[in-house]
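Chains as they are written, first to last, in this note's numbering: chain A, 0 to 334; chain B, 454 to 749; chain C, -2 to 332.
Derived from the structure by calculation, the hints contain no laboratory data. Note that beta-carbon positions come from the ideal geometry of N, C-alpha and C, so glycine has one too. Treat the hints with caution; some may be incorrect.
[Stated by the list, open to error] Have a look at the derived ranges for each label pair, beta carbon to beta carbon:
1) C:K201 - A:P13: 53 to 59 angstroms
2) B:F500 - A:L65: 53 to 59 angstroms
3) A:Y129 - B:L492: 21 to 27 angstroms
4) B:E581 - A:A68: 22 to 28 angstroms
5) B:L634 - C:A56: 40 to 46 angstroms
6) C:P278 - B:L634: 43 to 49 angstroms
7) B:L634 - A:P13: 20 to 26 angstroms
8) B:L634 - C:G30: 54 to 60 angstroms
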Amino acid sequence: MLFFILRRLVLLLPVLFGLTVLMFVIARVLPGDPVALAAGPNATAAEIARLRAEFGLDQPLLMQYLAYAWGLLQGDFGYSIFTRRPVADDLIAFLPATLELVFAAMLLAVVLGIPGGLAAAVWANRWPDYASRVAALAAISMPRFFLGLLLQLLFAMWLMWLPLGGRFPIILDPPAFVTGFLTIDALIAGDREAFVTALRHLCLPAIAMCLSPLATIMRMMRASTIEVLQQDYVTTARAVGLSPRLIVFKYVTKNALSATLTVIGLYFGWLLGGTVLVETVFDWPGIGLYATRSIVSQDFMPVIGVALAIGLLFMVVNLIVDVLYGVINPKVRYT
Amino acid sequence: MSDAALPPPPESARSLAWRRAFFRFRQSGLSMLGAAIVLLVIFVAIFGPWLAPFPEHVAGGVDTANRFRPPSWAHPFGTNELGQDVFSLVLAGTRISVLAGLGVVVIAALVGVVVGAIAGFAGGWTDEILMRLTDLKLVIPGLILAMAVAAAMGPGIVNMVIAISLAWWPGFARLVRGEVLAKKEEAFVTAARAIGASPARILFRHILPNIVSPVMVKMSLDMGFAILTVASLGFIGIGVRPPTPEWGTMLSVARAYMPDFWWTAVFPGAAMFLAIFGFNLLGDGLRDVLDPRARR
Amino acid sequence: MALLEIRDLHLAMRSFDGEAHVLNGIDLSVERGEVWGLVGETGCGKSLTGLSVSRLVPAPPARYMQGEIRFDGRDLLTLSEREMQGLRGHRIGMIFQDPTTNLNPVFRVGTQLVDVALAAARREPSILPAPGGRRGARALAVQMLDKVGIPDAAGRIDDYPHQFSGGMRQRVLIAMALIGRPDLLIADEPTTALDVSVQAQILKLLKAMVAEFGMGVVLITHNLGVVAQTCSHVAVMYAGNIVERGPVRTVLTAPAHPYTHALLRAIPTRGVPRGALAGLPGTVPNLIDPPPGCRFAPRCARATAACTAAVPPAAELAPGHAVACLHPVREGADA
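So that you can see chain A by itself, here it is in the shape it has in the complex:
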């Protein structure tokens, strides 16, 4: 089992390397000139040249990459020209917010999607299944940012049940930093008011984000459950007298889960990318918002840093999914 994990870990390295090269190439091949922008319209050529040298942007490309890669290994993700901070610091500051959002969305998607898919399969081809198919298609067709906007309109502006945006009101004191997740940290600190506030702020963005994976997970679960139900071993299970409830909830679920698990892992990665839109709508201070603002200012190191961070997270999630798959499906462990 340990070898299995180690092997998967080793496979990550070349991909990571390729990722850094790719992002670096994109950043440097691009026409924009971030230094000139940063220096402002009144800067002289000398000042721009000095800034450029300061950021190491006057070296040949290969040297720049090597310096960058070396820095990466030491945890140096470059420097953001606009926040005037190391990108690594920015990432650490903003990543927890994004993670909290993504986790919340995935939690909703999984908790609702898996039983939903199971139910759709058990009642397959009757009208609830048909309706759920249309609903799923509608869910993935709905642009996340539009949905966010509509949720804001309805719940924050008209009904005024939930806050408009942001993660935590400035006037309150956030709970002590433990995990970076405000909801969990508030629970740990026993601060009920902070917990409720954080949760209320998390609500709408999480819902806006979860719809798409929810629909896909449900369809995936439904499809694999239907396939499992047609397997010989299910007929055998019935023939030896096991109750339908036992068959579905214990056996079929586990069989169907393995296929769905890969989808969950994949979606986690896509959500990490998709937080950009939702964070913008709700002013959620995560790396998505950070990336957007950096891009618009043509500040590249942060964008590379964000892409790297997301890529890395994605790989880690896939590794976890792979391992879980190995736990569920014993045959895989020995490959």
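Put chains B and C on the given structure of chain A with help from the hints.
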């Protein structure tokens, strides 16, 4: 012995398959709905500029006296912060979105088919290298990649389309490679080689026609998401420049005027949803009908 | 009262091209201790007959037009699904053909056996040894594995199905079918997917189990050799009808029905010269539009007009030996 006495030649297997597929397609209400929506969208995309009641607004003209008028007979979708008719803008935006989406899907398909076909057919090192390349693209969320490239290349629809296509082609490449690999092993290819057909001929005449169907299915399935991505980039502020009307950009601007002037956001957003939904329904229906492996 | 009594069972199956009349008046009677071989070629309806006893034929495409299946006096066709489920495993056991696909791959063998034992124990708690409950069920499972000939049963009970060979897996399936101590066992081609050498072992095992538990067995197969080896009685099926039934020696040494006769003649023996295989002209009839009267008539050299008028009733030639034919083959008469 006149020719009229002869029975009509039997229908070729392929055209029979197409007819059957079309018949099955017609059976599904949802697919027909999708087809109807798509036709509507395409119609508006083509004839939009002539249908818009206020073309001068589309071109950039403003009418500040009429700012923020709620929906009425004169302005079915109301007016925005510049007094422009939202209905006209939405109609014009259809053209942008559809064209951009189409551009993305077509470019991605072309690049993907070429890469995938070469990788699948050549095998060996070529295959390995090309596949690592596509794998890499799947590690970065497409939106972020498209964002980075689009932002770097500067504003404009063309750049945006290229940027998104760059993130999109790996999907096609994988699909085509898989299909080519599968077809390569089939008997008719061995037969063709046995009679001395050149690799190029085998590729073009025998293998490629068989991958048209899955590629087309993927293209139609992807169309909806391509439009979504275009709108997403517009929302972030990358892509088209004003005064070109684009649904995502309209939404981004309209955010500031919520909730009082809700129509400036709701209508473009609804149009966005409708177009994407229609394409997805159509694509889903096509897939059910053309790709027997993906049966519900 | 017979353990199992099928009377005039008619079954129709809806398919794309129409409704196929797959069972055309099945009459079969099985007592405890009897091993009935149900023989016939592919498509004759023998599997469907077996599945019908357990009521595992999916009801919408299938329709029981008339007839009864009496088990211990009760007509199984009238029972509710719940009642049926109570009988399965506990009183009626089933073994299927392919050992690879009939065991759930992601669960340990022990888990599956224990669940079956517990399900049966709910009806008959006495089958579990001493501590009862889960531990008793586990002990019973080990016992059963040992009984079916799995070496080191206690060690292997926690293995996964893919860790067993084909023959072993079939033994596990036999254990699973018998762990609930059923009175009737339906074995649907249990050895067809196995090597010849393993086949012999499995058949021996089945005979031993039957003797030990005093069960009635319906052994479905297309292999006359298996029937000769293992069965006490045999019923020959053709196109949805049982054309001949009786004690195995009688039927196999003096077949009365022309079909049985042809089947036995077709088996190559040592003295037959090359190229002289005696086949049977024609093919099985289309069950959607079956021939009138005796379904074998189109291929039968002895058929007369009377044969196509109505399905021949089963006539007793000798005690226990019945033939559904108007012109049965007399012993020593024409070939």
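These are the hints, each one checked on the structure:
no. : hint                                : in the structure
1   : C:K201 - A:P13: 53 to 59 angstroms  : 56 angstroms, holds
2   : B:F500 - A:L65: 53 to 59 angstroms  : 56 angstroms, holds
3   : A:Y129 - B:L492: 21 to 27 angstroms : 23 angstroms, holds
4   : B:E581 - A:A68: 22 to 28 angstroms  : 23 angstroms, holds
5   : B:L634 - C:A56: 40 to 46 angstroms  : 42 angstroms, holds
6   : C:P278 - B:L634: 43 to 49 angstroms : 45 angstroms, holds
7   : B:L634 - A:P13: 20 to 26 angstroms  : 23 angstroms, holds
8   : B:L634 - C:G30: 54 to 60 angstroms  : 58 angstroms, holds
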